[in-house]
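If you read the protein sequences in the order shown, they are chains A, B and C. Counting from 1, one number per residue, gives the positions in the first sequence under my numbering. Counting from 1, one number per residue, gives the positions in the second sequence under my numbering. Counting from 1, one number per residue, gives the positions in the third sequence under my numbering.
Hints listed in this document are in silico derivations from the structure and should not be mistaken for laboratory results. Hints are not guaranteed to be accurate.
[As the list claims (entries may be wrong)] In silico contact screen, one side only, chain C against chain A (beta carbon under 10 Å); selected entries:
id	residue
1	L53
2	A54
3	G56
4	A75
5	R78
6	I80
7	L82
8	F90
9	S94
10	G102
11	A146
12	L159
13	D161
[Stated by the list, open to error] Reference listing, derived: stretches of chain A covered by chain C, where coverage requires no fewer than 3 residues with Cβ under 8 Å from a Cβ of chain C:
id	segment
14	455-469
15	476-482
16	552-559
The C-beta atom is built at its ideal place from N, Cα and C for all residues, glycine as well.
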Amino acid sequence: MSHEGRLLRAAVLAAVALGLIAPIAAGLWQTGRAAFGVLPALGRDAVSLGPWQDLAGLPGFATSLRLTLVTGLGATLLSLLLATGFCAAVHARMTRIAGARMLTPFLAIPHAAMAVGLAFVLAPSGWIARMIAPLAGWERPPDIAIVNDGWGLALMVGLMVKEVPFLLLVILSALSQIPVARHMAAGRALGYGRGIVWIKIIMPQVWPLIRLPVWVVLAYALSVVDMAIILGPSNPPTLAVALTRWFFDPDPLMILPASAGAILQAGIVAGGVALLLMLEAAGRRLGRWWLRRGGRGLSAEPGLWAASAAVMVLMAAGALAMVSLAVWSLAWRWSFPQILPQSWSLKPWTGAQGGWMRALGNTALLAGATAGLSLALAIAWLEGEDRARRARAPWAEALIYLPLLIPQIGFLYGLNVGFLRIGLPSGIWAVIWAQTLFVFPYVMIALSDPWRALDARMIRAAAALGAGPGRRLWTVKLPVLLRPILTAAAIGVAVSVAQYLPTLFMGAGRVATLTTEAVTLSSGSDRRVTGVYATLQAGLPFAAYLAAFLIPALVHRNRRALAGGGA
Amino acid sequence: MIRLFALALSLFATPALADWQQTLDAARGQTVYWSAWGGDARTNAFISWVGERTEALYGVRVEQVKLSDTAEAVTRVISEKAAGRDEGGSVDLIWINGPNFLAMKAQGLLHGPFVADLPNARYLDLGPGSPVSVDFTVPVEGMESPWRLARFVFTYDSARVDAPPRRMADFVDWAAAHPGRFTHPGPSNFMGATFLKQALIELAPDASVLQDPVNDAAFDAATAPLWDWYDALRPNLWRGGRTFPENESVQQQLLNDGEVDIAMSFDPASAAAVIADGLLPESVRVFVPEGGSIGNVSFVAIPYNAANAEGAEVVANFLLDPATQAHMQNIEVLGAFSVLDPSRLDAEASAAFDALPTAPALPDLAELGPTLLEPHASWMTRLTDEWARRYVE
Amino acid sequence: MSLDLDALCIRPATGAALFRPLTLHVPPGEVVTVMGPSGVGKSTLLDAIGGHLAHGFRASGRVRLNGRDVTGLPAEARRIGLMFQDALLFPHLSVGDNLAFGLPPGLRGRANRRAAVEAALAQAGLAGLYARDPATLSGGQRARAALMRTLLAEPAALLLDEPFSNLDAGLRQEMRDFTFGHVTARGVPALMVTHDPEDAAAAGGPVVALKGYCPP
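Construct the entire structure; sequences and hints are all you get.
Okay, structure coming up:
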C-alpha cells in the first residue's frame with residue numbers, strides 16, 4: 001500500500017470526522033443538555049428530569065407519538081412493498097436509464113412543493129373533486145377530511161409519492177448489478193412462477209444493496225416536518241411538527257421539553273432501524289424455511305399487478321400535483337368548482353413579490369457550492385480507498401450515513417448554539433457547511449457503486465503503462481466516470497435545494513432560498529406565488545439532471561461505450 | 001423635508017435631540033435586519049418600500065428576514081444569548097407583540113427603553129393606559145415602538161351567507177344551521193387564540209377580571225360559559241372540529257376555495273386588499289360582532305444584542321412619520337390603520353389621511369364599533385393550554 | 001533484460017500461503033508459462049509481480065528486473081507491462097490517444113509523438129484508425145491495439161493474464177503469433193498465466209506448474 005494513499009485517506013477521514021461528525025455530536029450534546037434541564041441562557045443550571053415529565057404531560061403527546069410511528073413506518077414499508085412489486089412486474093421491460101429518466105421529475109421536486117401540489121389535488125375543493133363536481137352535482141365542496149385527516153393517511157400518500165420513485169431508482173440500480181434475466185430463467189426452468197422467483201431468488205440479493213437507502217427513507221419519514229405540516233393532521237400533529245412548534249413557542253422555556261422530544265425523536269429513528277433489522281432477521285429465517293420446502297406456491301402475479309397499479313396511481317397523483325403548481329403560477333382567479341382558472345396572469349412571476357430572482361441566485365450558489373464540495377470530498381474518499389486498495393469498513397459506511405439517520409431537529413438547535421459559541425458567524429458560509437452535512441451522504445451513495453463498478457484491471461493497465469496515481473485519476477477514472485459523477489452532482493443539487501431547517505438555523509434567516517421562501521409563503525395563502533417558487537424549486541434540480549444527461553452525451557458523442565449510459 | 005426638519009432640530013441642540021443626531025450619524029451605512037412574518041406579500045412589499053425610503057433619507061438599508069412565526073426570531077436571540085454573543089447579534093428589529101414581547105421583556109432580551117427618544121413619538125398618545133402604552137395589558141415601558149393597528153374582524157362571502165352571526169353567542173345556532181361551513185385556526189396560532197379571547201370577553205360573567213393576571217378561581221369562573229358555548233359549537237365546525245387550519249391565511253384559502261363561508265383576520269383592510277389581489281371573491285365583506293372586537297397594536301422591538309441598534313431606531317422612527325402612516329393606511333398599499341393620535345396631527349397630515357381612497361369591502365371606523373382591550377397575556381397562555389387539554393385528542 | 005522471481009510467495013492477511021514459494025528466471029525474449037488449477041492464485045501472482053496486490057495480501061520473496069529489485073516500487077514505477085483477456089482500451093480516448101497514453105513522456109514534440117503512434121498503428125495493421133472510437137473496433141483490432149499500447153510504454157517485462165481466452169479460435173492463433181513475435185523481436189522477458197495448453201505450446205518457452213500449498 002502506498003504512503004500517499006494512507007495520507008489521503010487520513011485527510012478525508014479527518015475532514016469528515018471534524019467537519020461533519022463532530023459538530024453533529026456537539027449539537028446532540030447541547031440538545032441533550034437542554035433535554036435534562038440545563039440551559040444556562042435561561043438561568044437553568046440544574047440537571048433534572050422535568051423536561052421529560054413536561055413532554056409526556058403535553059396535550060396530545062401520546063397521539064403525536066402514535067401518528068409518527070404509524071405514518072413513518074407505514075409509509076416506508078408500503079413504499080418498499082409497492083416499489084418491489086412494481087420492479088418485479090415491469091423490470092424486464094424497463095432499463096435503468098429509461099427508468100431514471102421517467103423518475104427524475106419526482107426526485108427533483110422537493111417534498112414541500114410536492115405537498116402543496118398534492119394538497120390542492122386531493123382536497124375536497126381540489127382538482128379531483130372539481131372534476132367530479134359536475135357529475136356529483138356539488139355546488140360546495142363536500143365536508144370530508146381527505147387532506148389533514150386524523151389518521152395521517154394523506155401524509156402517508158404524500159410520503160409515498162416521493163419515496164416510491166426514490167426506492168424504484170435504488171432498486172433498479174441494484175438490479176443492474178445482478179444477472180436478473182439468467183436467475184429468472186433458471187428459476188422458471190425449475191418450475192417457479194415469476195413472482196415467486198422474484199421473492200425467493202432476486203429480492204434476497206437486492207436487499208443488502210438497498211438496506212441503507214431504506215433506512216434513510218425510514219428516518220426521513222419518521223422525522224419529516226414540512227410535508228407533515230401541509231398534509232398531516234394538525235390537532236395534534238406528528239411529533240416532529242409538534243417539536244418544531246415547541247422550539248418556536250413564545251415561551252422560551254418550551255425549548256426544554258422540545259429538546260427532550262428531539263432526543264426522543266432520535267430514539268424513535270434508532271428504534272425504527274432496529275425494528276427493520278429484526279424484521280430482516282425474522283424474514284431471513286422464515287424465508288429459508290419457506291425456500292427449503294420447495295413449494296412452487298401460488299402465483300404472485302395478481303399481487304405484483306396490484307402493486308404496479310398502485311404505483312401508477314401514486315405517480316399519476318404526483319404528476320397532477322406538479323402540473324397543478326405550474327398552472328397555479330399562471331392563474332389569477334381559480335375558485336371551486338372551476339377545473340381551469342377563470343382568469344390568467346403573469347403577475348405571480350413578474351409582481352413585486354417576485355423577489356424570486358435573488359432567492360434563485362442564492363439557491364443556485366448554495367447548490368453549486370455544496371454539490372461541488374461534496375463531490376470533491378466523495379472523490380477524495382473513493383480515491384483514497386483505491387490507493388489503499390481497501391474496501392470500505394462498515395464503521396466508515398456508518399459514519400457517512402450518520403447525518404441522514406439522525407433527525408435534523410435533534411441537533412440543529414444545539415449546532416447553532418455551538419457554532420455561535422466558537423464565534424463563527426451565521427450566514428452563507430455556515431449554510432454551505434450545514435447543507436454539505438446532508439448533501440455529502442447522498443453524493444456518496446450515488447457515486448460509490450459506479451466508482452466500484454469501474455473495471456479495476458483498466459486502472460492496473462494504466463499503472464502498468466507508467467501512469468502514476470494522479471494521472472490515473474485525472475485522465476482515466478474521472479473522464480470515464482463523467483456521467484455518474486455529474487449524476488451524483490445533480491442529486492447533490494436536488495438535496496441542497498430542498499434543505500429547509502439547516503438553511504433556516506445556520507443562515508439566521510438571512511439567507512433566503514427558494515425553499516425558505518416557499519415555506520414562508522405557504523404559511524400564507526397564495527397558491528399562485530407558491531406555484532412560482534415550487535416550479536423554480538423543481539426546475540433547478542431538473543436542469544441539473546438534464547445537464548448530467550446532456551454533457552456526457554456531448555463530450556462522449558463519438559464514444560459508443562460511454563455515450564449510451566452505462567458505467 | 002424630514003432631513004430639513006432633523007437639521008432644524010439639531011440646531012436647537014437640546015440634549016435629547018443632539019442624541020438623535022448622534023443616532024442618525026451612527027445609523028448611516030447600517031443594514032437593519034428586520035425579522036417579520038413573511039406570509040403576507042403586501043406587508044413584504046411595504047417593508048421593502050420602507051427600506052428604499054430609509055436608504056434614500058438616512059442611508060439605512062433594510063433587509064426583511066421573513067419568518068413563518070415570530071417566535072423564530074425570539075429563539076434565535078435566545079440561542080445567541082446561550083452562546084454568549086451579547087453584541088453583534090443577527091436580529092436588529094422584530095415585528096412583535098403579545099406573548100413574544102412578554103417573553104423577551106421578561107428574559108431581558110430587549111434593547112431600550114428607546115421609544116421616548118424617537119422624534120416622531122410626539123405624534124403618539126403615550127399616556128398610561130393608552131392603546132400604544134400597553135401590549136396585552138403589559139406595560140410597554142418604551143421597550144417597543146408601535147407601527148400598525150390591528151383589529152379582529154370576521155370576513156364572510158356575502159354571495160353564500162345572507163346574515164352572518166351578530167354576536168359570538170349566535171355562532172352556535174349559525175353553525176348548527178350550516179354545519180361544516182365555519183372554522184377557526186388552531187389556538188396554538190395567534191389568530192385561533194384571539195377567536196377564543198373574543199368569545200371569552202363576550203361570554204365571561206365579568207369581563208373586567210381579564211385585565212388582571214389570571215388565577216385558578218378567576219379562570220374557572222370566567223371560562224365556564226366559554227367551554228359550554230364551545231362544546232355546542234364544535235361538532236358543527238368544519239371537519240367536525242377535529243382538525244383546524246394552520247393559520248389565518250390557510251383559513252382565508254379555505255374561504256376562497258368555498259370550503260368555509262366565514263374566516264377571520266386581524267386587519268380590517270385585508271379583505272379589500274386581498275380581493276384586489278385576486279385571492280378572494282369580490283363578494284367577500286367584513287363584519288364585527290355587536291359590542292366591538294379585540295384590537296391591539298403591532299410593535300417593533302430591538303434585541304439587546306442587535307448589531308445595528310441605531311439603524312433600527314431610525315427605522316422605528318420612520319415608521320411613525322405621519323407621511324409613512326398615511327401611506328401605510330392607503331388601501332392600495334397596505335390598508336393597515338395608523339397608530340398615531342389624530343389630535344396630535346397638524347392640518348397637512350390630517351388632510352393626507354382624509355384623502356385616502358376607499359373600497360366596498362373596506363369598513364369605515366363606525367362599522368368597526370368599539371375596540372375591546374386584550375386580556376392580560378397570562379390569560380391567553382392559560383386559555384390555549386386549557387383548550388389543548390380539553391380538545392386535543 | 002530479464003525477469004527473476006526469488007522465492008515469491010503470497011498469503012492472505014490470515015491464512016496459509018496460496019502456493020509454494022516460486023523461484024524462476026525469464027530470459028529476454030522468452031515466454032515462460034505458468035499453469036495451474038483455477039483458484040490457485042495465478043492472477044494474484046501476476047498482481048504481486050506487477051505491483052497491484054490488493055490490500056489484505058502479503059507477498060514475501062523478491063521480484064528483480066535486470067537484477068534490480070523492484071519489490072518495493074509502486075506499479076507505475078516498475079515498467080512491467082500488463083495484458084488481459086479483454087483489451088481494456090480506455091473507452092473515453094480514441095484508438096490513437098490510447099496508444100499515446102502509453103508513450104513515455106521522454107519522447108518530446110507533438111509531431112514526434114504522433115509519428116510514433118502512427119507507426120505503431122501501422123505495425124498492428126491499424127493504419128488510419130487514429131481517431132476511431134475503440135468501441136467500434138473488431139475484437140482482433142482491439143487486442144492488437146492493446147498490445148501496441150503496452151509495447152509503446154517500453155516495458156522491461158510483460159505479464160500476460162490469459163491473453164487469448166476471449167478470442168475465437170481463428171483469431172486466437174493470429175494473436176499468439178502477433179504477440180509472441182513482438183516479444184521475441186523486442187527481447188522482452190514475458191510471463192504468461194493460462195490454462196490453455198495450446199497457449200503454452202505456442203509460446204514455446206518453459207512451463208511452470210503452480211501447485212497449491214498443502215499444509216503438512
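Checked hints:
no., hint, result
1, L53, "holds, 8 Å"
2, A54, "holds, 5 Å"
3, G56, "holds, 8 Å"
4, A75, "holds, 4 Å"
5, R78, "holds, 8 Å"
6, I80, "holds, 6 Å"
7, L82, "holds, 4 Å"
8, F90, "holds, 6 Å"
9, S94, "holds, 8 Å"
10, G102, "holds, 4 Å"
11, A146, "holds, 8 Å"
12, L159, "holds, 8 Å"
13, D161, "holds, 8 Å"
14, 455-469, "holds (count 13)"
15, 476-482, "holds (count 4)"
16, 552-559, "holds (count 3)"
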